[in-house]
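Residues per chain, in single letters:
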Amino acid sequence: MRAIESFEVPAPPRVNYINAQYGLKSWLLTKDHKRIALLYLGSITFFFFIGGLYAMMIRLELLTPQGDLLQSTTYNKVFTQHGIIMIFFFLIPSIPATLGNFLIPMMIGAKDLAFPRINLLSWYIYLLGGVITIYALLAGGVDTGWTFYTPFSTTFSNSYVVATGLGIFINGFSSILTGLNFIVTIHTMRAPGMTWFRMPLFIWSHYATSLIFILGTPVIAITILLLAFERIAHVGIFDPALGGDPILFQHLFWFYSHPAVYIMVLPSMGVISELIANFSRKNIFGYSFVAFSSLAIAVFGFLVWGHHLFVTSQSVYAGMIFSFLSFAVAIPSAIKVFNWTATLYKSSISYDTPMLYALGFIGLFTVGGMTGLFLASLAVDVHLSDTYFVVAHFHYIMVGGALMGYLGGLHYWWPKISGRMYPEGWGRFSALVIFVGFNLTFLPQFIAGYLGMPRRYHAYPPEFQVFNVLSTAGASILGFGMLIPAIYFVWSMRYGKHAEANPWHLPGLEWRTQSPPPTENFEVTPIVTWDAYEFAPREETEVVGKFRPELERI
Amino acid sequence: MQSWIPLVPDSASTFSWKVDALYFYLSGITLFFALLISAMLIFFTIRYRRRTPYEIPRPIAGSHKLETLWTVIPFLIAMTMFGWGARIYFEQYKPPANAIEVYVVGKQWMWKLQHATGQREINQLHVPVGRKIKLIMTSEDVIHDFFVPAFRTKMDVVPGKYTTLWFEATTPGTYHLFCAEYCGMNHSGMTGSVIVMEPREFDDWLSGNVGATTPATAGQQLYQTLGCASCHGANGEGGRGPTLTGVFGKMTALQSGESVRVDEAYVRESILNPQAKLVAGFGPIMPTFQGQVSEDQLLQLIAYIKSLQAGGQTTPTTAASPAQTPARPGVSPTRNLR
Chain B
1 MRAIESFEVP
11 APPRVNYINA
21 QYGLKSWLLT
31 KDHKRIALLY
41 LGSITFFFFI
51 GGLYAMMIRL
61 ELLTPQGDLL
71 QSTTYNKVFT
81 QHGIIMIFFF
91 LIPSIPATLG
101 NFLIPMMIGA
111 KDLAFPRINL
121 LSWYIYLLGG
131 VITIYALLAG
141 GVDTGWTFYT
151 PFSTTFSNSY
161 VVATGLGIFI
171 NGFSSILTGL
181 NFIVTIHTMR
191 APGMTWFRMP
201 LFIWSHYATS
211 LIFILGTPVI
221 AITILLLAFE
231 RIAHVGIFDP
241 ALGGDPILFQ
251 HLFWFYSHPA
261 VYIMVLPSMG
271 VISELIANFS
281 RKNIFGYSFV
291 AFSSLAIAVF
301 GFLVWGHHLF
311 VTSQSVYAGM
321 IFSFLSFAVA
331 IPSAIKVFNW
341 TATLYKSSIS
351 YDTPMLYALG
361 FIGLFTVGGM
371 TGLFLASLAV
381 DVHLSDTYFV
391 VAHFHYIMVG
401 GALMGYLGGL
411 HYWWPKISGR
421 MYPEGWGRFS
431 ALVIFVGFNL
441 TFLPQFIAGY
451 LGMPRRYHAY
461 PPEFQVFNVL
471 STAGASILGF
481 GMLIPAIYFV
491 WSMRYGKHAE
501 ANPWHLPGLE
511 WRTQSPPPTE
521 NFEVTPIVTW
531 DAYEFAPREE
541 TEVVGKFRPE
551 LERI
Chain U
1 MQSWIPLVPD
11 SASTFSWKVD
21 ALYFYLSGIT
31 LFFALLISAM
41 LIFFTIRYRR
51 RTPYEIPRPI
61 AGSHKLETLW
71 TVIPFLIAMT
81 MFGWGARIYF
91 EQYKPPANAI
101 EVYVVGKQWM
111 WKLQHATGQR
121 EINQLHVPVG
131 RKIKLIMTSE
141 DVIHDFFVPA
151 FRTKMDVVPG
161 KYTTLWFEAT
171 TPGTYHLFCA
181 EYCGMNHSGM
191 TGSVIVMEPR
201 EFDDWLSGNV
211 GATTPATAGQ
221 QLYQTLGCAS
231 CHGANGEGGR
241 GPTLTGVFGK
251 MTALQSGESV
261 RVDEAYVRES
271 ILNPQAKLVA
281 GFGPIMPTFQ
291 GQVSEDQLLQ
301 LIAYIKSLQA
311 GGQTTPTTAA
321 SPAQTPARPG
331 VSPTRNLR
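Taken in order, these protein sequences are the chains called B and U.
Mapping the first sequence onto the numbering used here, position 522 (from 1) lands on 522, and the numbers just tick up by one.
Mapping the second sequence onto the numbering used here, position 265 (from 1) lands on 265, and the numbers just tick up by one.
It should be emphasised that the hints constitute simulated quantities derived from the structure, not laboratory data.
Computed from a predicted structure; not experimentally measured.
For glycine and all other residues, C-beta sits at the position ideal for the given N, C-alpha and C.
Every beta carbon over 12 angstroms from chain U, so not counted as near; a handful from chain B, in silico:
#, residue
1, Lys31
2, Phe173
3, Arg190
4, Ala233
5, Phe480
6, Pro526
Covered stretches of chain B, going by a simulated chain U footprint (3 or more residues, C-beta under 8 angstroms):
#, segment
7, 245-258
8, 280-286
Could you build all of it, start to finish, from the sequences and the hints given here?
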């Protein structure tokens, strides 16, 4: 063991990106990636709480077996809108557009993203998509499920399908622009010495995510366009009454929407790599395996969409291939989990809030990922598809995975983003509340699902009530837990303790500049001579097994 | 039902224990890894907690041996899950040849069923224990899904095509029937029950519901009233149109030079869109019946054509192609994605 050295940080000048300019115009016309990240942070938080409100309505309705609180038409709209808001307007942009936007240039030692104007444009596009979607919700809402399955969505639904679709269609372009910006930035704007294998794993996972943004999002755009054509002009594409094929829609939809799951969880994995390494003061075990597993997930993620169609009368042979590939895509995730766990071996673990989220993530993501194997396994999926087991599984991935990573990251970088410390005690307390509430909400749903409770049911047979009461109780705790950070983050912006440049004592580039950073991020362009997570000199690296360091560095 | 919270639903089909066994295997592996990871996390977190604020642990570079180990072992375990799951899946989705057929039509928000013997049911299905039952299903409107948790099987019910679901019930009782594919306003009301009976009771039930016209008879009447007889012959022996006798389930040669199996999907298509696949030697003279026959009537016409080969009509089939292959038993007649 050796003592940490203090990094030389320039004395904090008074001007930073927040107080460099004042006025609404300076925010709305900003080209600073950090300010745009904050614009995104505000807007996705807004959508998150709308989506959360819908979640509470769902859980309250399901407290009793009878459909007594909401009418079935209302309930159908509520769960549809919960899904649409949470997926398209919160989860997909959450980490990339806020933390990614803020940190990618800082972590690689750049002044900004490659295309600052496009970055701002992407936020406006996101906003436009969001406004149109909110209009659709207020005008009457949409009741197709977030999956928009045909021919219900094209022919039978009497709700605002096209308006909602337009909102999602437009929103997609903001994803594409963000992905493009990240890829170009990572390729061209790395500081001298910042080689690919010195990059923090957060960058690797965002690179992989950006690939999906660019390759996947156009497909959902095309799918929504076709859906709108059929709904407006009655062109027969999906509705068999018009000569179309309803299952074709599901292929197109999931070709994007399954990789979209990796859009949600890959950035979160990037955050977790940062948290695990930095809060245990240890380099990530098997850095290159973790880095390449992100790329493997991004690539294989495009080949597994058919596992959503095991019970649609898809060919059994196609089912077999998709099942095999779905098992294969689980392996890179397993590799990550094992490497994170191994990183902790002989490390120095702090119990700060971000680390609590990271540890929670690994546990919950393991459960989420392993229950995904149930659904990849053909025969069991036949029984489980469209039951609460599926609901529980993807909430373990999206809330237990993506959201935990997001919250952990937000706490970790909050001193850098806001220049203030959040209250640590409240942070740990709320992390615990969220963890308990989350498990109480979704664990019972695995059992209810295997017992056969179908999803999207407004009323259900009474024998499932016990699970639903537990879920609703858990959701109340979870909702309460979510409010605490919302309150103390806002509170800390004014009353929090001023943050040092490097409050956690870490070697990453983003900590080698003041908090909050100046508009140009670094006073002088940094020259990188160290590896990611290099807490101690390389000479001291312990070699275990037959590992050869020269392979690791490529 | 157990008095304590049950972990598995009622088991009432030959699939139940097979799916449960795999489910328990998966649960065991999941529990093992979840506990292993959690135990390691907890142990490391306590054992290697930060003791002094500025300590730096020795870096560890990683180990290819370990990486290989935790890539290969999970992969091998995953492959056992894959193989086991695929094996049961093939059984679930390949209906046996000797099954009793029941026609199912889903519509917002009810199930309409008809037995081959003519009995009709709404939101209920009576089946005997120990007999293989095959459901031939379609939808009048949106996608539904026929789900019986106690049987551990389900299948989407898709408009514009026939899907099949088969099972063999093992335990008498009344079990949930759910629509598992979201289908609009009253989706959660599109439920019913499957009533599994001892064969004797089932026969009593059947005879208590006599008087109903069988689908085949109803189809024969439709065959006359729709004017099919004028081209296909009074008893389906053929004429200006191809013969319908003895062709069902066999391959037939098409005008295009290809050949096609005459199954539910093909008959349906030929009624609704006759020009799509013309039988060799016949011109495009048949009008479409799109919009004139309901899904129920289509199933009745199909039942009639099926009966034409079982019945006394022994006219040798002229349509059977020379390239005829023996009908593979158990191959789903479902039309797959084009």
